[in-house]
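Undergrad: So the chains spell out like this:
2 protein chains.
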Amino acid sequence: MSQAFLEAVRPLLGPTALKTAPDALEAFAVDWRKRYVGKPLAVLLPETTEQVAAIVRLANEHRVALVPQGGNTGLSGGATPDASGSQVVLSLSRLTRIRHQDSDNKTLTVEAGVTLQQVQEAADAMGLLFPLSLGSEGSATIGGNLATNAGGTGVLRYGNARDLCLGVEVVTATGEIWNGLRGLRKDNTGYDLRDLFVGSEGTLGLITAAVVKLFPKPAAVMTALARVGGPADALRLLQLAQAQCDAALTGFEFMSSVSTGLVVEYFPDVARHGAQMIGGQDGKPGYPTVLLEISHPESQEAATTMLDRLMEKALEEGVVQDASVAQSVAQAKALWHLRETITLSAAEDGPHIKHDIALPISSLVTFIAAMDQEMQSAYPGIRLINFGHFGDGNLHYNVAPPPALAAGKTKTERHQIFKDFLQTHEDTIRKMVHDRVVAMNGSISAEHGLGQLRRDEAKRYKSAVEQNLMKTIKTALDPNGILNPGKVL
Amino acid sequence: MSQAFLEAVRPLLGPTALKTAPDALEAFAVDWRKRYVGKPLAVLLPETTEQVAAIVRLANEHRVALVPQGGNTGLSGGATPDASGSQVVLSLSRLTRIRHQDSDNKTLTVEAGVTLQQVQEAADAMGLLFPLSLGSEGSATIGGNLATNAGGTGVLRYGNARDLCLGVEVVTATGEIWNGLRGLRKDNTGYDLRDLFVGSEGTLGLITAAVVKLFPKPAAVMTALARVGGPADALRLLQLAQAQCDAALTGFEFMSSVSTGLVVEYFPDVARHGAQMIGGQDGKPGYPTVLLEISHPESQEAATTMLDRLMEKALEEGVVQDASVAQSVAQAKALWHLRETITLSAAEDGPHIKHDIALPISSLVTFIAAMDQEMQSAYPGIRLINFGHFGDGNLHYNVAPPPALAAGKTKTERHQIFKDFLQTHEDTIRKMVHDRVVAMNGSISAEHGLGQLRRDEAKRYKSAVEQNLMKTIKTALDPNGILNPGKVL
Numbered sequence: 001m002s003q004a005f006l007e008a009v010r011p012l013l014g015p016t017a018l019k020t021a022p023d024a025l026e027a028f029a030v031d032w033r034k035r036y037v038g039k040p041l042a043v044l045l046p047e048t049t050e051q052v053a054a055i056v057r058l059a060n061e062h063r064v065a066l067v068p069q070g071g072n073t074g075l076s077g078g079a080t081p082d083a084s085g086s087q088v089v090l091s092l093s094r095l096t097r098i099r100h101q102d103s104d105n106k107t108l109t110v111e112a113g114v115t116l117q118q119v120q121e122a123a124d125a126m127g128l129l130f131p132l133s134l135g136s137e138g139s140a141t142i143g144g145n146l147a148t149n150a151g152g153t154g155v156l157r158y159g160n161a162r163d164l165c166l167g168v169e170v171v172t173a174t175g176e177i178w179n180g181l182r183g184l185r186k187d188n189t190g191y192d193l194r195d196l197f198v199g200s201e202g203t204l205g206l207i208t209a210a211v212v213k214l215f216p217k218p219a220a221v222m223t224a225l226a227r228v229g230g231p232a233d234a235l236r237l238l239q240l241a242q243a244q245c246d247a248a249l250t251g252f253e254f255m256s257s258v259s260t261g262l263v264v265e266y267f268p269d270v271a272r273h274g275a276q277m278i279g280g281q282d283g284k285p286g287y288p289t290v291l292l293e294i295s296h297p298e299s300q301e302a303a304t305t306m307l308d309r310l311m312e313k314a315l316e317e318g319v320v321q322d323a324s325v326a327q328s329v330a331q332a333k334a335l336w337h338l339r340e341t342i343t344l345s346a347a348e349d350g351p352h353i354k355h356d357i358a359l360p361i362s363s364l365v366t367f368i369a370a371m372d373q374e375m376q377s378a379y380p381g382i383r384l385i386n387f388g389h390f391g392d393g394n395l396h397y398n399v400a401p402p403p404a405l406a407a408g409k410t411k412t413e414r415h416q417i418f419k420d421f422l423q424t425h426e427d428t429i430r431k432m433v434h435d436r437v438v439a440m441n442g443s444i445s446a447e448h449g450l451g452q453l454r455r456d457e458a459k460r461y462k463s464a465v466e467q468n469l470m471k472t473i474k475t476a477l478d479p480n481g482i483l484n485p486g487k488v489l
Numbered sequence: 001m002s003q004a005f006l007e008a009v010r011p012l013l014g015p016t017a018l019k020t021a022p023d024a025l026e027a028f029a030v031d032w033r034k035r036y037v038g039k040p041l042a043v044l045l046p047e048t049t050e051q052v053a054a055i056v057r058l059a060n061e062h063r064v065a066l067v068p069q070g071g072n073t074g075l076s077g078g079a080t081p082d083a084s085g086s087q088v089v090l091s092l093s094r095l096t097r098i099r100h101q102d103s104d105n106k107t108l109t110v111e112a113g114v115t116l117q118q119v120q121e122a123a124d125a126m127g128l129l130f131p132l133s134l135g136s137e138g139s140a141t142i143g144g145n146l147a148t149n150a151g152g153t154g155v156l157r158y159g160n161a162r163d164l165c166l167g168v169e170v171v172t173a174t175g176e177i178w179n180g181l182r183g184l185r186k187d188n189t190g191y192d193l194r195d196l197f198v199g200s201e202g203t204l205g206l207i208t209a210a211v212v213k214l215f216p217k218p219a220a221v222m223t224a225l226a227r228v229g230g231p232a233d234a235l236r237l238l239q240l241a242q243a244q245c246d247a248a249l250t251g252f253e254f255m256s257s258v259s260t261g262l263v264v265e266y267f268p269d270v271a272r273h274g275a276q277m278i279g280g281q282d283g284k285p286g287y288p289t290v291l292l293e294i295s296h297p298e299s300q301e302a303a304t305t306m307l308d309r310l311m312e313k314a315l316e317e318g319v320v321q322d323a324s325v326a327q328s329v330a331q332a333k334a335l336w337h338l339r340e341t342i343t344l345s346a347a348e349d350g351p352h353i354k355h356d357i358a359l360p361i362s363s364l365v366t367f368i369a370a371m372d373q374e375m376q377s378a379y380p381g382i383r384l385i386n387f388g389h390f391g392d393g394n395l396h397y398n399v400a401p402p403p404a405l406a407a408g409k410t411k412t413e414r415h416q417i418f419k420d421f422l423q424t425h426e427d428t429i430r431k432m433v434h435d436r437v438v439a440m441n442g443s444i445s446a447e448h449g450l451g452q453l454r455r456d457e458a459k460r461y462k463s464a465v466e467q468n469l470m471k472t473i474k475t476a477l478d479p480n481g482i483l484n485p486g487k488v489l
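So the sequences go chain by chain: A and B. Note that the numbering used here gives residue 479 to position 479 of the first sequence, counting from 1, and the numbers run on in steps of one. Note that the numbering used here gives residue 278 to position 278 of the second sequence, counting from 1, and the numbers run on in steps of one.
One should not assume that every hint holds.
[Claimed, not checked] As a list, the in silico SDA-like pairs of lysine to any residue whose alpha-carbon atoms are at most 25 angstroms apart:
#1 B/K217 <-> A/A247
#2 A/K471 <-> A/E61
#3 B/K354 <-> A/R182
#4 B/K471 <-> A/V465
#5 B/K459 <-> A/A476
Worth flagging that the hints you see were computed from the coordinates, not collected in a lab. Owing to the predicted nature of the structure, the values given are computational and were not obtained by experimental measurement.
My request is simple: use the sequences and hints to build the entire structure.
TA: What follows is the structure in structure tokens.
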């Protein structure tokens with residue numbers, strides 16, 4: 001049955017577009033964080049939308065499950081096949097054309113396999129900005145970004161991937177091509193199919209191309225690091241910054257003292273750039289810190305004035321204890337690098353539990369206080385590597401074992417000790433965090449999607465009504481269950 | 001069968017909540033523009049979500065069609081029952097509670113029957129801004145705004161109703177309650193059900209409450225009127241304004257010379273405020289004009305500087321021929337009033353054809369030039385009352401008969417002559433406009449929805465694939481076809 005499918009597909013594709021040799025499949029079989037190891041029957045690499053549609057039609061005919069994949073940088077295993085040996089990876093990475101550039105409409109029409117960085121570069125060449133930005137942008141594809149509704153650091157001002165998309169071309173689950181590549185800001189002629197496909201993680205249809213929204217480049221971008229007393233100050237600072245800067249506030253990232261402390265410990269050179277704000281040197285405790293970014297359409301001078309005024313007011317009102325403004329692009333980059341090094345520092349420290357949660361912004365302070373306390377009572381000395389997109393209500397509330405468990409041990413020993421600790425406690429800790437998040441009307445996956453990682457948890461937390469609505473839509477659009485089975489639902 | 005439904009519903013509702021007397025039904029039976037006159041069996045006015053759900057369950061049981069209605073201000077007949085005498089109007093206007101105000105999260109949770117103006121006022125009382133704004137905001141309800149994904153004048157900066165909604169409570173077509181009232185900026189835990197219900201015009205589910213997004217109030221709002229050579233200049237001005245002001249550009253409305261000329265003719269007192277920019281006095285031709293609005297988060301001074309710089313540059317580059325900046329709130333209001341009086345002036349002039357189209361912004365100039373020419377060749381002397389949200393690519397490209405047809409006639413005679421003209425030519429003209437719009441990848445309903453007015457046209461213009469996707473979703477979610485049959489699809 002599966003072999004018959006491959007034989008039927010083969011003549012449709014170029015000679016290198018159907019892979020079945022075990023070593024050729026490897027890169028497609030494992031997710032980026034190596035949590036999921038699948039066993040695909042084959043990997044298909046079509047180059048056109050028509051080929052994708054033909055593959056999907058044949059998959060329906062032969063009842064073969066397709067697992068769409070882009071840059072394979074997802075964090076929830078959404079693009080990894082299962083271990084049955086019967087699923088076929090459908091890589092969209094060879095759909096790489098930039099179909100249309102439209103400066104006056106501020107749009108780009110790109111195929112799914114164009115990397116995020118290539119989209120950014122194409123926009124830049126037009127004198128415009130594509131503001132979606134992620135750690136993995138060099139490999140992540142725009143198709144994958146849209147399929148997972150990617151977030152990143154620009155959401156506060158520009159929205160997530162869904163907000164940055166004006167239209168899509170989709171191969172439906174039955175193998176038809178829907179041309180929804182409209183570059184319109186307004187279109188009220190029916191159901192919002194676009195937003196339904198975006199974020200559906202390849203379970204309802206395959207996004208083969210998209211029209212993305214571009215923006216004017218700001219005249220000046222300013223970055224600052226502010227030392228705050230804790231999350232309550234961070235919240236007051238956010239309110240002040242939004243009131244004074246509105247859309248010019250393009251970044252607002254919180255870093256707990258444990259987060260900054262880890263950077264100081266493992267990457268002192270990186271931490272040096274924010275030393276005065278983040279503290280943590282010479283064994284002293286680190287400080288909670290906020291990274292702010294202002295993007296101003298007018299001039300460097302206007303941006304400086306705006307940021308200075310904000311910081312003056314924040315200091316005056318005691319919202320901020322100290323602040324430092326980057327004086328050059330290099331300094332600004334160094335501050336962002338500090339923020340981005342938290343993940344790497346935590347990895348150096350050892351195994352830990354990652355969460356990607358969102359809450360109403362008004363609940364962040366209460367959540368953090370109650371959650372930190374609950375964790376410390378349950379596991380004295382446990383560390384909360386809490387950082388992230390505070391301005392979006394999105395925290396990476398990660399949890400690392402108590403360091404005392406590994407005092408005086410080597411790195412290798414420590415990693416093993418932490419691993420053992422998590423083996424015992426990970427499920428309980430995750431449940432503690434997610435239970436509280438859901439009780440406070442939050443989300444257990446703010447930007448990483450459900451994939452396979454959060455699928456069963458989502459079932460536990462979502463109402464029956466919502467689950468049924470999702471299942472009804474899935475069954476209606478993909479009656480044979482061909483597209484990415486086992487993900488999301 | 002229908003009577004049995006009413007008998008079953010009666011005990012669920014308060015004594016004034018089920019209306020069947022002909023004179024009590026009248027206000028619910030006719031749309032705002034009086035184009036559609038329906039004949040409802042009854043009108044139901046529930047006060048709670050639970051009542052709505054119970055009604056829908058009974059409607060399924062008795063196979064009675066429900067026509068949801070809010071403030072009944074729609075422009076496409078989407079909330080008007082048919083003439084069969086068997087459909088029941090389900091008014092959501094008594095769901096009027098403001099359930100939750102959250103300043104730190106910048107959200108309001110409101111029930112469907114709260115008017116748009118009440119939402120604006122509640123936001124204002126919190127020191128925040130709800131930017132959705134429409135002519136009918138005093139009667140239009142937020143439920144109706146969301147059901148139709150309303151647009152208005154704030155879309156350029158803040159987006160349409162869909163963009164302003166973080167979560168919804170929906171009574172499904174089978175009478176279950178989905179609580180999707182999340183106040184989250186980020187949530188990637190499944191399909192975007194919210195955006196599917198928003199804009200579905202009550203055909204997939206009934207929005208009974210919503211969480212809407214609020215924004216900081218700008219420190220200063222400045223309005224200007226700029227005389228331009230035509231649409232090409234308007235486009236250049238838009239690009240300049242976005243590059244220099246980015247998100248601070250909150251309004252960009254185009255008015256063709258015919259549009260401003262009509263205001264001069266019928267409402268000279270209103271036109272006086274923009275006299276120098278719009279021309280058209282003493283029988284001279286009017287000028288194409290752009291109304292610009294800048295909202296600045298910092299100060300009056302900063303707003304003035306920004307607008308002055310923009311206008312200087314625009315004059316310098318010859319994009320604008322003259323410009324006048326409102327010197328007071330009253331003057332700014334007068335300029336907006338001028339813009340909003342176009343519709344009334346056109347109505348005074350007589351019957352005409354309304355269009356609500358959207359195009360890629362890069363296609364506006366070509367569209368207008370080609371369309372104007374095609375119209376003038378087909379109907380010499382015909383008038384193009386072309387105005388609207390140019391910055392969103394959304395034009396109200398309205399068409400009025402040649403005035404020469406009624407030269408020297410009284411107003412009553414003129415209206416009759418124009419009516420006769422339209423009787424003969426309306427369908428042809430509409431088809432000319434919409435054919436070109438669709439050929440240029442545009443939308444035939446940018447912000448007014450399909451309702452019954454554009455339903456059949458949408459069928460002609462939409463691909464079979466898209467229509468099938470919509471029908472599949474409709475059938476899956478509303479298997480008995482209870483919700484608003486005959487609308488959208």
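Undergrad: Find the hints from earlier in the document that the structure breaks and name them by number, from lowest to highest.
TA: none
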